[in-house]
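Just so you know, the protein sequences line up as chains A and B, in that order.
Residue numbers 5 to 457, in our numbering, belong to the letters of the first sequence in order.
Residue numbers -3 to 238, in our numbering, belong to the letters of the second sequence in order.
It is possible that some hints are incorrect.
As the list claims (entries may be wrong) - Calculated from the model, a selection of chain A residues having no Cβ within reach of chain B, i.e. all distances over 12 Å:
no.	residue
1	72
2	198
3	213
4	301
Stated by the list, open to error - Computed footprint of chain A on chain B, listed as stretches where at least three residues anywhere in the stretch have a Cβ under 8 Å from a Cβ of chain A:
no.	stretch
5	83 to 91
6	114 to 120
Hints listed in this document are in silico derivations from the structure and should not be mistaken for laboratory results.
Backbone N, C-alpha and C define an ideal beta-carbon position, used for all residues, glycine too.
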Amino acid sequence: MTPAALEAGITPGMRHGTARARAPQALLSRRDFQAEAQGLQQALLCLLQFTPDITLLDAHSLAMEVDASLDLFGGPRSLWRRVQDSLQGLGLNPSLAMAPTCQGAWALALQTQTRRRRVLKPATLSRRLDPLSAACLPALHPWLEWLESLGCSTLGQLRRLPRKGLQQRTRPEAMQAIDAAYGRHTPPCTWVTPPARFGRRHDTLQRLEHVHAVQAEAAKLIDQLCGWLQAGHRSASRLSFMLHHEKGRHARPPSMLELSLSQPGWRPDDFLPALAEHFSRLVLPDHVIAIELRVDETRGRMARSQGLFPEPAQWARQESRLLDLLRARLGEDHILKARPFASHLPEAANRWVPAAEAGAPSTEAAPALPEQARPFWLLDPPLALQVDRHTPLYQGRRLRLIQGPERIESGWWSEKHQQRDYFIAQDAQHARYWIYRQRAALDARWFLHGLFG
Amino acid sequence: MKLSSSILRHPERIHSGLWKGSQLAQAQRPALSTGFSQLDDELPGRGWPLGALIEISLERPGIGEIALLRPALAQLGGERSIMFIQPPCAPHFHCWTNWGLHGQRLLWVQTDSLPDTLWACDKALRHNACSALLCWAPGARAQSLRRLHLAAQQSDTLLVMLRSPADTRQPCAAPLRLGLRPAEQGLQVSILKRRGPACGHTVPIVLHPERAYSSSAASHVSLDQPSPALSQPGRRFSSLAH
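Make a model of the complete structure from these sequences and hints.
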C-alpha cells in the first residue's frame, strides 16, 4: 500500500474488483509470505553482528536489546545509522525505533504520527507514548472498536481509565502490554538462537546476467554470514558459493566459486576484497536465478593483539591478505616460494612451489659456495649455443672462458645421466655467463645455463 | 621580506625539503646504504631512498643488477618478504643462499600481462607487506609509473623498476634513475636523474675483484690439461687458450 494508492481512494481490506475500479492504473501483486519470511530471516542474521539478543515479535517485527552494544558502536546515533545502513543494504525498508522498553519501541515503530522515534529516558517515553493511538500496541487489536466506542482513542486516555474495569473487560495480555510499554513491568523475552550451520540461499528478483549484480547479492550474503559468525564468536576461512542457473528445459548444474583465505576472518572487510577479485575473473555461463552460500567449518577466533608498534604477527597478517588478493586474481600457481631440493643438478635443485602450500622450510641447506660461484638467473631449459672455431657463441658474441671447470655429474642410476663441465664465460662487453659442456657425447655441445645478475 | 644571502645559500634551513640545483638534496626519510661507498657519495641521503620509485635501465638481464642491490637487500629486516614480480628468468635460490640472504624470504610472482603486473605492484605497495619490491614491466607508461610512485610514498618499501633503455627515453616521475652497463670488474653506473646536480661521470662498481694471477693480458685458464701446448714456430694457438 503506497501513499499514492491511499490518495487514489484504496483502503486496506477492499476487494480486488473495487480497488481496480477506483484506480485502474494501480499494480496489484500477490502477497508473497515466503519472501517476507526470508526477508525477516535475512534481517535477523544481519543484525546478529550488533547484538546477540534478538527476539521476533511477529511476522514483520523484531526487537534487539542493544544496551550492552551502545558503547561499542559509538553511541545510540551511530548504532542507529549502522543498523539502518545494513538493513537498507539488504534491500529492506525498515521502520526503526529506539526506546527503553521493548513494547514501547514497537509502538513507536508502528505509529505514523510523529517522526521522533528515538527515546532514551523513561520519562520521555511516557510523554511520547501518550498521544499515540491505541492501534500502535498490537496486543490491543481485538478491543479497538470497543475502545473507539468508549471515546478512548489515545494511549494516555487508556491509562487514565480505571484499572480494575479494564482488567475485567479485557484479557490479561492487554494489561501486560500496556504496562510493558510504559516500563512498569518487564516481561521476559525469548531470544532467537542462530542456526548451528550456515547455509543460506537467496533467490534473486530477476535473472542476473552481469557479474557486478551477482557480486552485490553475494555481498548481502556475506553480511549475514558475519552476523552469524559474530553470534557464535567463530571465524571462517573457506566459503563456498553456488550460483544456480535456469531450471527446467535449459537446466544447468550450478557454478561453484570457492573463496579460501589463508587466515580466518569474521568481518565483511576480510572477505570482500578477495571476493571482488574472484568475481572480476568469473565468467557466467548463463543467467543466475539464485545464490547460495555455505560454510562447512568454522574455527574459534584468535585474539588480535592491539599493541602500539607493529609486531611480526601483524606483518604476517598483512602479507597473507596481500597473497590472498594476488592468488584470487593471478591464480594459485603464479605465486611461488623456493623449496630447494637436494640434487647436484642446478635445475632440479632450484624448485619453486606455490606459496600456499604449507610446509616447513627444508632443513637441508645447500652447501655454501663462494659468492660468485653461482649465477642469479637460471635459464630453464638450458639454451644450446653455437660454436665457431672452438668458441661458443651467444647472440653473435664470442664467449671467453675465465673460470672453471666445475664438474657436475648426477643421475648415473637412471637414463638421464648428466655429466657436465661448468665454466664462467665473459663476452666482449664484460657480461658474465654460466655455460657448460656435456662430456659424454662425442661432439661436445655447449649450453648456456645462467646469467650473472 | 628580503631573504639574506646565507639562507639562499642553505635553503635546507628553511625546510628540509628544499635544495639548490647545485647541491644534493637531503633525504626526507632515512635511506638504505647501497654498500658501495662511491655510489653512496653520489646519491642524495647517501643511499637508496625508501618509499620512492627507483628506475634502473639496463639493456639485457644478467649484467649484475641484483648483485648491485644485494648489500641493500641484506640490510632489510627479515619480518617482511622480498617480492620479484615477473622477472625475466627464474631466480636461482642457491645463489641467494651463497650471498647470505637466506634469512630473507623471497617470493616469485608470475603474471600473464602488463596490467596484472602493475596491479600486483600497486596492491603490494598499498598493503605495505614487502620490504623490497623488484618489478619488470616492459612497456609500462609514465602515468602508471607515477601512480606506483605515489603508492610507494605511503609505504616504506624499496621499490625498483628495471626497464630497457628504449622505455627509459620517456620522462619519468621517479626521483632516482640509473643506467647500468657491464664493465671489466663489475658495472658502470650512470646516474640519469637525481635530486641534485647532474652527474657527469659514471660510477664504477666492483662486483668481482680480479684475482692476482689473472691480471695479465694473456690470462691463463686453469683447465684440466695433462701438459701445456708447446708453441711451435709457425703454428697458431687455438683461441680457446685465451
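Hint check:
no. : hint       : result
1   : 72         : holds (34 Å)
2   : 198        : holds (33 Å)
3   : 213        : holds (24 Å)
4   : 301        : holds (27 Å)
5   : 83 to 91   : holds (count 9)
6   : 114 to 120 : holds (count 4)
The structure is consistent with each of the numbered hints, conforming to all of them.
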